[in-house]
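Q: Chain order of the listed sequences is A and B. If you use our numbering, the first sequence corresponds to residues 110 to 731, in order. If you use our numbering, the second sequence corresponds to residues 110 to 731, in order.
Among the clues, some could well be false.
[As the list claims (entries may be wrong)] With a straight-line cut-off of 30 Å between C-alpha atoms, the simulated DSBU-like cross-links for lysine-lysine are: (1) B/Lys709 x B/Lys676; (2) A/Lys673 x B/Lys693; (3) A/Lys693 x A/Lys709; (4) A/Lys441 x B/Lys693; (5) A/Lys693 x B/Lys673; (6) A/Lys709 x B/Lys709; (7) A/Lys709 x A/Lys676; (8) B/Lys709 x B/Lys673.
Rather than coming from a laboratory, the hints here were simulated on the basis of the structure.
Protein chains: 2
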Amino acid sequence: MQILDLLFGKPLATSEERAEQVGPSAGLPIFGLDALSSAAYGPEAALTLLIPLGLAGVHLIVPVIAAIVTLLIIVYLSYSQTIEAYPNGGGSYTVASENLGDGAGLLAAAALMIDYILTAAVGISAGVGALVSAVPSLQPHMLGLCLAILLILTIVNMRGVRDTGVVFQIPTFLFLGTMLVVIVLGGVRVLMGGGHPVPVVKPPTLPHATEMLGLWLMLKVFSSGCTAMTGVEAVSNGVMAFRDPRTKNARITLTIIIAFLIVLLLGIALLCRAYGIGATDPNGTHYESVLSQLTAAVTGRSWFYYTTIGSILLVLSLSANTAFADFPRLTKAIASNDFLPHMFLLRGRRLLHSYGIYALVFFTASLLILFGGVTDRLIPLYAIGAFLAFTLSQAGMVVHWMRNPGPKSKLRMLINGIGALATGITLLVVLVAKFMAGAWVTALLVPILIFLMHRVRVHYMRVRRETNCPTPLRLENLQPPVVILPLDRWSRQTEKALRFALGMSPEVIAVHVDSEDSKGSICDEWDRMIAAPLEKAGLKVPELVQITSPYRFVLAPVIDFVLKKEKELETRQIAVLVPELVVKHWWETILHNQRANVLKLLLLLRGNQRIVVINIPWYLAR
Amino acid sequence: MQILDLLFGKPLATSEERAEQVGPSAGLPIFGLDALSSAAYGPEAALTLLIPLGLAGVHLIVPVIAAIVTLLIIVYLSYSQTIEAYPNGGGSYTVASENLGDGAGLLAAAALMIDYILTAAVGISAGVGALVSAVPSLQPHMLGLCLAILLILTIVNMRGVRDTGVVFQIPTFLFLGTMLVVIVLGGVRVLMGGGHPVPVVKPPTLPHATEMLGLWLMLKVFSSGCTAMTGVEAVSNGVMAFRDPRTKNARITLTIIIAFLIVLLLGIALLCRAYGIGATDPNGTHYESVLSQLTAAVTGRSWFYYTTIGSILLVLSLSANTAFADFPRLTKAIASNDFLPHMFLLRGRRLLHSYGIYALVFFTASLLILFGGVTDRLIPLYAIGAFLAFTLSQAGMVVHWMRNPGPKSKLRMLINGIGALATGITLLVVLVAKFMAGAWVTALLVPILIFLMHRVRVHYMRVRRETNCPTPLRLENLQPPVVILPLDRWSRQTEKALRFALGMSPEVIAVHVDSEDSKGSICDEWDRMIAAPLEKAGLKVPELVQITSPYRFVLAPVIDFVLKKEKELETRQIAVLVPELVVKHWWETILHNQRANVLKLLLLLRGNQRIVVINIPWYLAR
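Generate coordinates for the entire structure from the input sequences, incorporating the hints supplied.
A: Below, the structure is given as structure tokens:
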């Protein structure tokens with residue numbers, strides 16, 4: 110237990126829950142890493158598709174990012190309202206299922222679960238990928254590095270919400286700080302240079318334009334850039350993790366995250382245009398990321414450059430942490446509606462829904478191992494889930510305001526309606542633009558997940574129907590069971606079992622199976638050891654049933670006898686006493702037959718409501 | 110069960126035992142394959158060491174084989190007497206432990222177990238090795254072929270003694286027939302050629318002598334040739350497998366085996382000298398086995414040559430069968446003296462000691478896999494076990510005749526004494542000659558095995574002492590146990606468990622653990638659903654104990670409560686009722702917590718003599 114305590118911290122009492130809640134400064138790294146780190150790849154993804162347009166492409170990035178920022182503001186306003194309306198956590202699943210019904214809820218649930226698992230896998234492997242492109246000698250260890258980061262994230266998160274926030278604050282603030290320095294310094298240089306700053310390190314020359322801008326390309330650029338928006342729903346899902354005033358703290362956190370994200374996105378876009386920085390071919394030999402070019406152009410390749418690049422790598426690989434914060438909360442919400450196994454409801458030693466973390470780690474590790482740590486091909490799958498969840502959440506909020514009219518509900522309905530419309534259209538764009546690239550996998554997985562969750566609920570409903578007991582305790586026909594006791598030879602174990610049987614019921618049947626390997630059968634000693642003292646005391650002597658077993662089976666005849674008795678005694682309970690030898694050391698088990706365990710298992714498998722197994726252990730003294 | 114029947118035959122009733130017994134013609138392949146097949150490698154092993162002596166070596170083989178045959182006759186006479194004295198199976202273990210004490214018995218047991226496992230592994234891989242040297246393209250599949258043969262041997266042997274004898278008769282008689290034809294035909298040619306026959310196919314020219322004969326070489330040649338004697342003890346160990354008159358049939362079988370072996374050994378040695386056939390370097394490119402040279406020299410390379418060589422390969426790989434026949438009988442004999450787990454006493458569906466076969470197959474497969482199917486290096490280990498067993502058996506017989514004096518006991522003592530002396534000296538020779546080559550492994554394994562067997566017996570003695578009950582059933586203080594029933598919420602399961610508890614004991618304590626995940630706790634419904642009807646019926650209401658669990662553990666508080674109660678109620682039995690949900694499909698188990706199983710396990714591990722677990726299953730209807 111001490112190792113557990115050291116790794117994961119001491120167990121927390123339920124009453125310590127409030128101490129585990131966080132404010133905005135810890136909430137930022139916990140719920141914001143996914144959203145903020147996407148500034149590192151969203152603009153890059155859009156610029157990569159714009160390479161064929163040459164310099165014209167670099168100029169186009171500003172309106173594209175502006176459109177995305179507009180969408181971001183709409184989504185921000187919507188989620189801000191959601192936090193206020195659902196102070197107990199209003200993830201897309203909760204909002205959709207409460208307002209649009211179970212079907213829409215399950216759709217959101219499936220989309221989000223896929224989204225979070227992909228967030229974790231893609232985040233970790235993107236960080237490791239960036240690290241490997243900086244230090245190529247690490248290439249052979251990619252999968253190992255991915256799994257190591259997953260392990261670290263798991264351990265940190267198992268320690269609970271507060272510790273996670275504390276641990277991840279430093280890299281988050283380092284990332285934000287260095288990026289802001291680059292943007293502000295670059296902005297000053299741009300202004301001082303009259304819009305044409307001189308780069309400290311000249312970025313690679315842009316290629317000549319080989320294509321003209323078309324609608325299809327524009328759609329693809331926009332939907333690639335939209336990956337910058339994933340992770341925005343995280344805060345609304347985790348409102349419960351904030352300390353009082355809960356709603357206010359959550360909204361402040363969301364506002365800070367979105368504000369930073371907007372500054373980063375717009376700053377990167379404007380500086381790229383001013384410095385003439387475009388993406389380089391990611392498969393080419395001279396690949397250099399956009400942020401690396403930008404930092405070098407503004408500050409040169411000093412220690413500051415390396416600090417910035419390092420913090421970007423760190424934040425990218427830690428962006429998986431958002432999944433750790435939200436996935437267990439999501440599965441808990443789904444399980445509380447009976448759509449997932451109830452184990453997701455349990456809170457572990459550090460007040461977390463541990464099984465949600467186990468499941469996330471299992472699926473993430475599986476994905477990483479399956480793809481050898483290179484999950485680039487999964488990126489297209491991944492915006493789908495996020496935008497599906499966005500759309501359902503906003504649409505649900507529209508219905509929510511319709512049902513709960515208040516002073517500002519018209520305005521709010523409008524904001525959420527615009528949000529739903531905008532994200533819905535974006536969803537369609539992303540789906541169409543990326544269907545062949547892999548979005549079809551999500552389109553296939555979602556219905557499968559929904560079906561499974563539906564089946565889980567059907568099972569729970571059936572169990573509840575079958576075990577539900579609306580009436581008080583019935584007392585008729587209350588009597589001890591008929592006890593069946595399989596006996597081998599006379600021993601202390603036998604005596605103990607027989608005494609137990611005689612103590613609990615007046616009807617005891619002893620069964621002896623005559624198979625060749627029994628030495629010194631009970632039958633030889635029955636009269637002297639058992640019948641005589643009972644008769645002397647005026648007590649009823651149990652019936653002794655001997656069964657010959659021509660094929661030397663020992664357990665099958667006992668089971669058959671029990672089932673036969675159960676049929677004969679239509680209303681009675683049958684209790685089968687199973688004496689068992691408990692050894693002190695595990696290796697001693699091979700010295701004794703495991704008949705007791707097999708008998709218990711067979712009775713459970715072949716038995717029925719009226720057969721009960723009583724285990725009489727005999728502990729060896731040493 | 111139908112696949113089992115097809116593969117292994119129908120189960121046999123204990124009463125069918127006599128029909129499963131065999132006569133000499135089936136006993137020959139079952140118990141004789143090991144001994145007979147050694148004619149194929151004994152002379153070869155001796156001749157290989159004689160290569161440096163050139164033609165002189167070939168001439169020396171006749172006296173070497175003559176010495177071995179003399180020893181063989183002594184051993185035959187001794188074992189023939191053993192069979193008569195021990196009609197229930199007189200393997201070296203039985204004879205040594207009955208006459209020389211447990212220590213000598215264990216020594217023989219350890220030696221024989223090692224010997225049999227090596228017989229199986231070496232036999233199979235020798236056969237496959239010979240096959241591969243004939244068909245080199247099979248080289249990469251050596252291990253696969255070894256395991257396939259092991260599987261076939263296992264299946265055939267699992268069908269029982271009689272089926273095994275029938276299956277292996279054909280290859281055995283084919284081997285004996287062809288070898289006799291070669292020897293008789295060769296003998297005629299030698300006589301007709303005046304001692305200098307003309308070979309049909311000329312054997313490879315013998316190399317020039319490079320060494321002189323020395324004592325050390327002579328010892329090594331003799332001890333290598335002695336591998337021809339392994340397998341002679343098999344019949345005496347398996348007397349029980351013969352049909353009545355048992356002793357007579359066993360002796361006839363042993364006589365036939367030894368007679369054939371002597372004819373083969375002498376015939377091969379004499380023909381080798383007459384034709385000038387020596388061994389070829391087994392690691393050289395022109396390797397050809399002695400029997401292949403001999404058959405080609407006598408009959409030419411006709412179809413008969415290939416039939417002969419084929420039958421030799423077959424018999425070599427089937428020689429492992431002797432281990433299958435004897436190992437389970439040996440482990441049964443050891444287990445019946447409590448030195449091995451008692452499972453070796455059980456007889457399976459086909460009246461065999463199945464666990465002995467499992468153990469043999471497990472160890473043989475392990476050896477084959479460990480050595481990749483090439484077990485040449487194990488051969489030196491292997492004569493040690495056999496000769497150690499020979500010596501102990503003969504010495505035991507000397508004591509036997511001393512204790513049981515009869516008309517011919519003086520003569521018999523003399524024969525067994527000479528046997529013990531001869532095999533004892535041979536054992537020393539083999540041990541010295543082969544110690545460095547690997548015999549030291551056996552010398553190390555034997556004491557380890559003896560120690561383990563001793564510990565097994567100590568355990569069984571302790572258990573017997575602890576559970577032995579010399580007094581009749583005690584009846585004082587016979588009363589129902591105190592029942593502890595952990596409850597969650599009111600349901601049909603709860604009702605069933607409670608009714609069972611009330612039926613078996615007037616003292617029932619209900620325990621409810623308050624952890625956050627319990628919805629609709631039993632405490633809210635206790636009065637209405639349970640207390641009210643009981644009070645109305647004038648029955649005692651069980652005590653309800655509520656335990657708050659600040660750290661959300663559910664099972665630990667129950668266990669602690671049970672242990673506390675057990676301490677309080679010094680003389681009473683405590684019965685813990687564990688309600689359990691039984692699902693229909695295995696995958697449904699993940700939908701329900703496994704607390705019932707964990708609770709049962711924890712109660713078994715942390716419980717004691719006075720705590721009994723009662724399992725109340727609730728079967729879902731569908």
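Q: Could you run down the list of hints and mark each one as holding or not?
A: Hint check:
Of the supplied pair hints, the one linking lysine 709 of chain B and lysine 676 of chain B holds, its CA atoms being roughly 19 Å apart against a limit of 30 Å. For a cut-off of 30 Å, the pair hint linking lysine 673 of chain A to lysine 693 of chain B stands: about 22 Å separates their Cα positions. Only pairs whose Cα atoms come within 30 Å are accepted, and lysine 693 of chain A paired with lysine 709 of chain A is accepted, the gap being roughly 21 Å. With a C-alpha separation of about 26 Å, the suggested pair lysine 441 of chain A and lysine 693 of chain B falls inside the 30 Å cut-off, and the hint holds.
With a C-alpha separation of about 22 Å, the suggested pairing of lysine 693 of chain A with lysine 673 of chain B holds against the 30 Å cut-off. Among the hinted pairs, lysine 709 of chain A with lysine 709 of chain B is consistent with the structure: their alpha-carbon atoms are about 12 Å apart, no more than 30 Å. As the CA atoms of lysine 709 of chain A and lysine 676 of chain A are separated by approximately 19 Å, the hinted pair is consistent with the 30 Å bound. With a C-alpha separation of about 17 Å, the suggested pair lysine 709 of chain B and lysine 673 of chain B falls inside the 30 Å cut-off, and the hint holds.
In summary, the structure agrees with every hint in the numbered list given earlier.
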